[in-house]
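Chemist: Place chain B on chain A using the hints.
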Amino acid sequence: MGTPVRILDDGAWLSVDGTRRVSVSELWRLDSPGFCGCDLVSFLTRGFTAAAADGSVITLTAVGTCIACGAAGTIAHIPVGRLVGGRFAPLDRQGGPLTPPDRAPGNTGRCR
Amino acid sequence: MVTEVERWKTEVYGAEIREQLETFAAAGWASIPADERDAWFERFKWWGLYHQRAGQESYFMLRIGTPNGVLAPGQTALLAEIADTYARGPVSNPTFGDAYLDWTTRQSVQLHWIRLEDVPAIFERLEAAGLSAQQACGDSWRNIVGCPVAGKDRHEYVDALPVAEGLHATYKGNEAHANLPRKWKVSVTGCREGCGQGDINDLAFEPAYVERGGERVRGFNLRVGGGLARNAPRFATDIDVFVTPEEAIAVGGAISALFRDHGDREDRYSARIKFLMDEWGPERFRRVLQRDYVDWELQPAGTDFRAEYSYNAGDADGGHNDHVGVHPQRDGRYYVGLNVLVGRMGAADAAELARLADRYGSGEVRITQRQNVIITDVPEDALDGLLAAPLLEHYAPDPHPFMRGSIACTGTEFCSLSIVETKNRQVRYARWLKEHVTLPDGVDEFHIHLSGCTASCAQPQIADVSLRGMKTRKDGEAVEALDIGLGGGLGAEPQFATWVRQRVPVDEVPGAIRNLLAGYDAHSREGETFRAFVSRTDEETLASLLEPEETSYTDPMMHNTKLTWYPYAADDALAASPAPAHADGSPIEGDD
Numbered sequence: 000m001g002t003p004v005r006i007l008d009d010g011a012w013l014s015v016d017g018t019r020r021v022s023v024s025e026l027w028r029l030d031s032p033g034f035c036g037c038d039l040v041s042f043l044t045r046g047f048t049a050a051a052a053d054g055s056v057i058t059l060t061a062v063g064t065c066i067a068c069g070a071a072g073t074i075a076h077i078p079v080g081r082l083v084g085g086r087f088a089p090l091d092r093q094g095g096p097l098t099p100p101d102r103a104p105g106n107t108g109r110c111r
Numbered sequence: 000m001v002t003e004v005e006r007w008k009t010e011v012y013g014a015e016i017r018e019q020l021e022t023f024a025a026a027g028w029a030s031i032p033a034d035e036r037d038a039w040f041e042r043f044k045w046w047g048l049y050h051q052r053a054g055q056e057s058y059f060m061l062r063i064g065t066p067n068g069v070l071a072p073g074q075t076a077l078l079a080e081i082a083d084t085y086a087r088g089p090v091s092n093p094t095f096g097d098a099y100l101d102w103t104t105r106q107s108v109q110l111h112w113i114r115l116e117d118v119p120a121i122f123e124r125l126e127a128a129g130l131s132a133q134q135a136c137g138d139s140w141r142n143i144v145g146c147p148v149a150g151k152d153r154h155e156y157v158d159a160l161p162v163a164e165g166l167h168a169t170y171k172g173n174e175a176h177a178n179l180p181r182k183w184k185v186s187v188t189g190c191r192e193g194c195g196q197g198d199i200n201d202l203a204f205e206p207a208y209v210e211r212g213g214e215r216v217r218g219f220n221l222r223v224g225g226g227l228a229r230n231a232p233r234f235a236t237d238i239d240v241f242v243t244p245e246e247a248i249a250v251g252g253a254i255s256a257l258f259r260d261h262g263d264r265e266d267r268y269s270a271r272i273k274f275l276m277d278e279w280g281p282e283r284f285r286r287v288l289q290r291d292y293v294d295w296e297l298q299p300a301g302t303d304f305r306a307e308y309s310y311n312a313g314d315a316d317g318g319h320n321d322h323v324g325v326h327p328q329r330d331g332r333y334y335v336g337l338n339v340l341v342g343r344m345g346a347a348d349a350a351e352l353a354r355l356a357d358r359y360g361s362g363e364v365r366i367t368q369r370q371n372v373i374i375t376d377v378p379e380d381a382l383d384g385l386l387a388a389p390l391l392e393h394y395a396p397d398p399h400p401f402m403r404g405s406i407a408c409t410g411t412e413f414c415s416l417s418i419v420e421t422k423n424r425q426v427r428y429a430r431w432l433k434e435h436v437t438l439p440d441g442v443d444e445f446h447i448h449l450s451g452c453t454a455s456c457a458q459p460q461i462a463d464v465s466l467r468g469m470k471t472r473k474d475g476e477a478v479e480a481l482d483i484g485l486g487g488g489l490g491a492e493p494q495f496a497t498w499v500r501q502r503v504p505v506d507e508v509p510g511a512i513r514n515l516l517a518g519y520d521a522h523s524r525e526g527e528t529f530r531a532f533v534s535r536t537d538e539e540t541l542a543s544l545l546e547p548e549e550t551s552y553t554d555p556m557m558h559n560t561k562l563t564w565y566p567y568a569a570d571d572a573l574a575a576s577p578a579p580a581h582a583d584g585s586p587i588e589g590d591d
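Chains as they are written, first to last, in numbering that gives the first Met the number 0: chain A, 0 to 111; chain B, 0 to 591.
Read the hints as simulated data drawn from the structure, not as lab findings.
Just so you know, these numbers come straight off a predicted model, no measurement behind them.
Check before you lean on any hint, since a few could be wrong.
Heads up, simulated SDA-like pairs for lysine to any residue below, C-alpha to C-alpha not over 20 Å straight-line [what the hints assert, rightly or not]:
no. : chain 1 : residue 1 : chain 2 : residue 2
1   : B       : K473      : A       : G33
2   : B       : K473      : A       : T18
3   : B       : K473      : A       : A49
4   : B       : K433      : B       : G518
Some chain A residues close to chain B (C-beta under 8 Å, calculated; not the full set) [to be verified]:
no. : residue
5   : R5
6   : D8
7   : S14
8   : G17
9   : L26
10  : R28
11  : D38
12  : L39
13  : L43
14  : T48
15  : I66
16  : A70
17  : T73
Glycine included, every Cβ here is placed at the ideal spot set by N, Cα and C.
Just chain A, same shape as in the assembly (with noise of 0.2 Å):
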């Protein structure tokens, strides 16, 4: 069985192998030019809707808003780590910039 990876609390947490991981409120760099105009987005995280290991990499699916343009929405399958040996090894999610797919399905941006 592959090391188990969920999100806790309604949106709140990404959870590793019974481990929370990741919190919603942290402030991600985010290279998603579809998501709003700024270079790069960043991206205060309101909650997280899912959570996916491909391969090594664990990607979480997020509400959040750019703070510097405002525009709020969802951006799928942002990598925020990797599993090594079983264990969670962490992404720089605050330096980044962080690279989801672009045009992932189920993006949605809305400036204002």
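Modeler: The following block gives chain B in isolation, referenced to the frame of chain A:
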């Protein structure tokens, strides 16, 4: 495919969780197998236990449901004792100290820093006194709310308290209703002023009457599908059904069963009944309810009193916005509502509250949906003695409007979802506003609700000023911020706030509110309420009035409080966390 939470619930849920919880408690928190913790922490919610956030592992929030907010004589003193004994964490809160309890917007009680090892003893004491944490959280019937002075209020049309108590007795611990797709929030109100806030509940019983055979029959109209969370606020929808108090228990279960069978178990974000109501509409909902869930003919809605609703109406004439102050009961005695700023009260103060209730009233205390408390059944000749008690200097029956109108959720101090610090911040806001801002003539009540995220536990969308957790950059640094909405409220014409300003740094919010009120004072018409002023003013103008500004207000929690293990610790870094901990507080080594 059902969610993983649903799978866990299928394996073990409801009353049967208790046995394993007690086994783990006896052996210590560390005895929970690492690969089962996620599942057990989800299940523990059914028994009122919510694992606190990162950095606070092994500590729990404990919620105790008190139907309709009624604490019988002796129960308040017990809660104070339990808080004093068990709700003590490794670090004090700088505003509230150690050992406090929170009165909540659902007329419940929350304690923090509870250790799993202490839970059996706490449950034993609670249950011996007729209290329980059962179903205080989790996917089932939550605490039933209503007008906090049900059974005593002069404005009551039908006595709702027996119905609330009947629903509680029937569906708490009822196996057929123990595992719902999501939380289930019910309001029962017989009051003509709308104090039950039924509009924002999954199921609302509201006072009404029908004429039958020349007789006026009192009962309730039903509304379904209200709620504030997830950026999808809804007012409950009229399903065109009237029930008598005798029918109310059965129809409550019928609608709960409909939700159990038809709610979405594949997506927790679409699981609340408001989304089913979106999909079906009230006609289909009523049709399925009639066809599959009740064995009598549902009666059409009766005549209601919604046009008279004044509670939290903002522009009410002759009504009230809360239960603070001295008010006559219909039996000739009085109830005295005390303001509890942001709902948090120290254990010693709660013990004194219990003593005052015993000394001057019947010993009963009631909790309101504005995080306040009420001492009921005070004879007229005992009022002076109660009002002179030193405790009422802090928990005032006649507070300043900014103290009176403040509500705040738990925030990043303990909550997993919150984005910003809340309770201590709202205390600082209220104190600064009281000292520096003069309300326009005629404004003696003004509601400011601060919620840390879109879960909306502080009910921000139904306040004059709505504050909701955000972040922004200021001087190049990421800082805590708030979105600001205006003009929400209930009453005859309920209205959600309009979000006017986004991402205002937290230290500029008091200045923005000051500027807004100055603008209201300058531009409002004679006798125009704040809510009416907001309603007729365009969003661009409101945004210009709500100009953020630095003032003498300073905020010590500008940084990302969620990245701390506890925001008020001297060394607040996650790496400095003493959690998880054994029952004696010593760290559990080697557990990450």
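Chemist: Hints first: check each against the structure and report whether it holds.
Modeler: Evaluation of the provided hints:
no.: 1; hint: K473(B) x G33(A); verdict: 25 Å, violated
no.: 2; hint: K473(B) x T18(A); verdict: 33 Å, violated
no.: 3; hint: K473(B) x A49(A); verdict: 31 Å, violated
no.: 4; hint: K433(B) x G518(B); verdict: 18 Å, holds
no.: 5; hint: R5; verdict: 6 Å, holds
no.: 6; hint: D8; verdict: 5 Å, holds
no.: 7; hint: S14; verdict: 5 Å, holds
no.: 8; hint: G17; verdict: 5 Å, holds
no.: 9; hint: L26; verdict: 5 Å, holds
no.: 10; hint: R28; verdict: 11 Å, violated
no.: 11; hint: D38; verdict: 14 Å, violated
no.: 12; hint: L39; verdict: 13 Å, violated
no.: 13; hint: L43; verdict: 5 Å, holds
no.: 14; hint: T48; verdict: 6 Å, holds
no.: 15; hint: I66; verdict: 5 Å, holds
no.: 16; hint: A70; verdict: 11 Å, violated
no.: 17; hint: T73; verdict: 11 Å, violated
In this structure, the hints that do not hold are numbers 1, 2, 3, 10, 11, 12, 16, 17, in rising order.
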